[in-house]
Amino acid sequence: MDLSYTDDQIAFRDEVRAFLAEKLPRRLEDKVRTGKRLEKADYEEWHAILNERGWLGVTWPESFGGPGWDAVERHIFEEETTRAHAPRIVPFGINMLAPVLMTFGSTAQQDHYLPRILDGTDWWCQGYSEPGAGSDLASLKTTAERKGDSYVVNGQKTWTTLGQYADKIFCLVRTSKEGKPQAGISFLLIDMDSPGVEVRPIVLIDGEAEVNEVWFDNVEVPAENLVGEENQGWTIAKYLLTHERTNIAGVGFARAGLENLRRIAGLERAGGRPLIENPIFAAKMAQVEIDLMAMATTNLRTLAAAAAGQAPGAESSMLKIKGTVIRQEINALTRQAVGPYALPFVSEALDEGSNVEPVGPDYAMPATQTYFNNRKLSIYGGSNEVQRQIITKAILEL
Amino acid sequence: MNFELTDERRMLSDSLRRYLGDTASHEATAKATEGETGFDPGLWSGLSEMGVIGALLPEDAGGFGGAGFDISVVFEEIGRAGAVVPLIESGVLAAGLLAEFGETEAAEAAIAGTVLTLAHAEPGSRYTLEHVETRAEQHDGGWRLSGRKSVVGFAAAAETLIVSARTGGEAADTDGISLFRVPAEAEGLTLRDYPMNGGGRAAEVALDGVPAEALIGPEGGAFDALERAHARATCALSAEALGLMETIRALTVDYLRGRKQFGQPIGKFQALQHRMADVLIEIEQARSAVINLAGHLGADRAERERHVSATKNLIGRAGRLVAEEAIQMHGGIGMTQEYALGHFAKRLIMVDHRFGDADHHLERFIRLSAA
Ligand SMILES: Cc1cc2nc3c(=O)[nH]c(=O)nc-3n(C[C@H](O)[C@H](O)[C@H](O)COP(=O)(O)OP(=O)(O)OC[C@H]3O[C@@H](n4cnc5c(N)ncnc54)[C@H](O)[C@@H]3O)c2cc1C
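Chains E and B supply the protein sequences, listed in that same order. For the first sequence, position 164 (counting from the first letter as 1) is numbered 164 according to the numbering used here, and the numbering increases by one without interruption. For the second sequence, position 60 (counting from the first letter as 1) is numbered 60 according to the numbering used here, and the numbering increases by one without interruption.
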């Protein structure tokens, strides 16, 4: 048993730190640290910087131009970039579609799409969920009917994150109504510019239009945009889920959140003393930190097992639940810390370069909006209830 | 022992529920939230005509109520509808203080629908009631006020502000706090007006040598009245939170019965049934906590204030659980601004940021219990 990183891992961590110190633009760091609104161009700028260094496709094998990192190195990278307040890597192209194409795509699809994902030509979004198909994804209804060299797509996707920025969407569509619902699903790549595609924003409780409805009205899609075989979509989706679950614990986000909370609790005063010295508040902060310390080690144990070639089973579900609960608790404490200044909501103050001053301390509104926004953590990526089912199903064998 | 409402209160509750059901729809509230004042003026004058503001005030101030259960009955309905109006600010706090100091004429104007507000909390006061740094100085036989007030509810819509300021003592003393009447257009008074999470508007108020219209009540002796007013306001806000919880309950029950996944209503999943059961238990706790406070608003100070803190602590905890669980059980739809749950859940979460959060009142309860 040795809890410390190896010399190589420490050297790697220092290399990542040096890169961040040199290359992470101050402007982006400021925006992330102070909870300002990130625009499409901000993500693209950061992606380009990472790509230049060969560090954008962090999960990609070397044969596809990735850095060839193991699970622990990926973790170190994730932790360091979050700690440095870098924007997150938008996962849809890089971490979701790319591994699918590498495993199930044709050579032509790999050659065409993978470079465009890296260089930012294509912004992808994920078209899985539908109004009637959330946890029960296999019940999806959007249809793709084969007509000559095309599929004709009709239906509606929803909760499509950042679909307003996207050039393309990868979708699960129904190509057959025979057999079990899972058996008639295909994986299709669709151009957002195609006639008949309509994107409608959905405003969430934090006031931001982060997700969308995407409607398809007789959208013609070239048959060559099918990934894998027709009706193989469910297998692909399940494969993708395992990739969606890398970095599921969000240790880096939790640490950054805790650091922010500690800073705010040091600045806020309650009853004439810094809030951080208030015994009730300090106890709650300590409690969540203790949970995080243990969870971080659970995460490393899982990563070490994965690096040794073991496929994670119930562990990813455990990490998903514990990781999201811890982050949501940190978010709730941060909201609580800002006191009455959780109330003002001045949306314009979140824009970069806005001349609208925040009301109260500048950290107050981001604290509140992040609390509301991150209620999503326990809902998406497989809700925490569904994860619990997975954990007990594996052990009860009933 | 009798937990029945009197006939008068039951009638008030029923007619208010009907009126708000017709007038304060989710769409109307959302529209008013976007508007200039943050509330629907038609709804406000309707409430005034129905005598809802009068129900919050005692007879000698022109009202016909003012007891704990008058307040809780009204605000439970306000919460149930998710309505956003300056009722706590104008009716409970400002008019309540005016009534207490025999300013009957001003209190009657409030009952008739004039909007007032109390400017008391300050940027550094957090939830401590006696923390007042704003100062009042005598000038030509009148008073001039200087300082900063924070998150003053509906200040921009108010015709008159009741402002607390020090005429003696230091920032954290209970002695030396006085109240003043300040017209909205007074010189040296500037507002930064903004919308709030959960609806409504508030303002940061800057006072730079503002001439007060009048001193209200005894010079330097307003603290006890402020504490009593905040006890009533806490009762009102807690009852509003209870009403919010009741609607969240109804929305969630409907959703659990109607939403289908895996070929069955999601309410068939035991995992959700148990969570819903916990929500129902906490709402009953919240109802009892509101009753406890409403029933002790007239008690002596020690007894009353222990109940203020007990109730607000419980409401803070229950409110968070109910709001978060309801969103979770709804899945994605619970995260949207358009669906009514979002408004109710946000408003409920924001209750903990007014008049002291759960931790503030936990500490205060311990202190008051030891005394
Ligand atoms: C902010 C946000 C971003 C998203 N981004 C995307 C995206 O980019 N692309 C995309 O395709 N999707 C996206 N989603 C959708 C997300 O994957 C779904 O919200 C999720 O699958 C849950 O589905 P649902 O919302 O329909 O809830 P439902 O499945 O209807 O669930 C409602 C409730 O029932 C519970 N439940 C369901 N089944 C069971 C069961 N068997 N046992 C116990 N409890 C159960 C759930 O846990 C939940 O509490 C996003 C969602 C959000 C909120």
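Everything labelled a hint here was simulated from the structure, so no lab data went into it. Only a predicted model underlies this, so the values are computations on that prediction, with no experimental measurement involved. Incorrect hints may appear among the rest.
Here are the simulated distance ranges between beta carbons [to be verified]:
hint	chain 1	residue 1	chain 2	residue 2	range
1	B	E338	E	S63	25 to 33 Å
2	E	R33	B	E4	41 to 49 Å
3	E	I390	B	N2	46 to 54 Å
4	E	R388	B	N2	27 to 35 Å
5	B	F262	E	S106	57 to 65 Å
6	B	Q264	E	G65	16 to 24 Å
7	E	R13	B	E338	27 to 35 Å
8	B	F262	E	G65	34 to 42 Å
9	E	K393	B	G21	24 to 32 Å
10	B	Q264	E	A183	17 to 25 Å
11	E	G65	B	Q285	52 to 60 Å
12	E	S63	B	A277	51 to 59 Å
13	E	A183	B	A250	38 to 46 Å
One side of the interface only, derived from the structure: several residues of chain E facing chain B at Cβ under 7 Å [stated by the list, open to error]:
hint	residue
14	M1
15	Y5
16	E130
17	G134
18	A138
19	Q156
20	L204
21	S378
Positions of the beta carbon are idealized from the N, C-alpha and C atoms, including for glycine.
Going through the hints against the structure:
no. : hint                          : in the structure
1   : E338(B) / S63(E): 25 to 33 Å  : violated (46 Å)
2   : R33(E) / E4(B): 41 to 49 Å    : violated (56 Å)
3   : I390(E) / N2(B): 46 to 54 Å   : holds (51 Å)
4   : R388(E) / N2(B): 27 to 35 Å   : violated (45 Å)
5   : F262(B) / S106(E): 57 to 65 Å : violated (34 Å)
6   : Q264(B) / G65(E): 16 to 24 Å  : violated (46 Å)
7   : R13(E) / E338(B): 27 to 35 Å  : violated (45 Å)
8   : F262(B) / G65(E): 34 to 42 Å  : holds (40 Å)
9   : K393(E) / G21(B): 24 to 32 Å  : violated (45 Å)
10  : Q264(B) / A183(E): 17 to 25 Å : holds (21 Å)
11  : G65(E) / Q285(B): 52 to 60 Å  : holds (58 Å)
12  : S63(E) / A277(B): 51 to 59 Å  : holds (53 Å)
13  : A183(E) / A250(B): 38 to 46 Å : holds (40 Å)
14  : M1                            : violated (36 Å)
15  : Y5                            : violated (36 Å)
16  : E130                          : violated (11 Å)
17  : G134                          : holds (5 Å)
18  : A138                          : violated (9 Å)
19  : Q156                          : violated (14 Å)
20  : L204                          : holds (5 Å)
21  : S378                          : holds (6 Å)
Violated hints, listed in ascending order, are 1, 2, 4, 5, 6, 7, 9, 14, 15, 16, 18, 19; each of the other numbered hints is respected by the structure.
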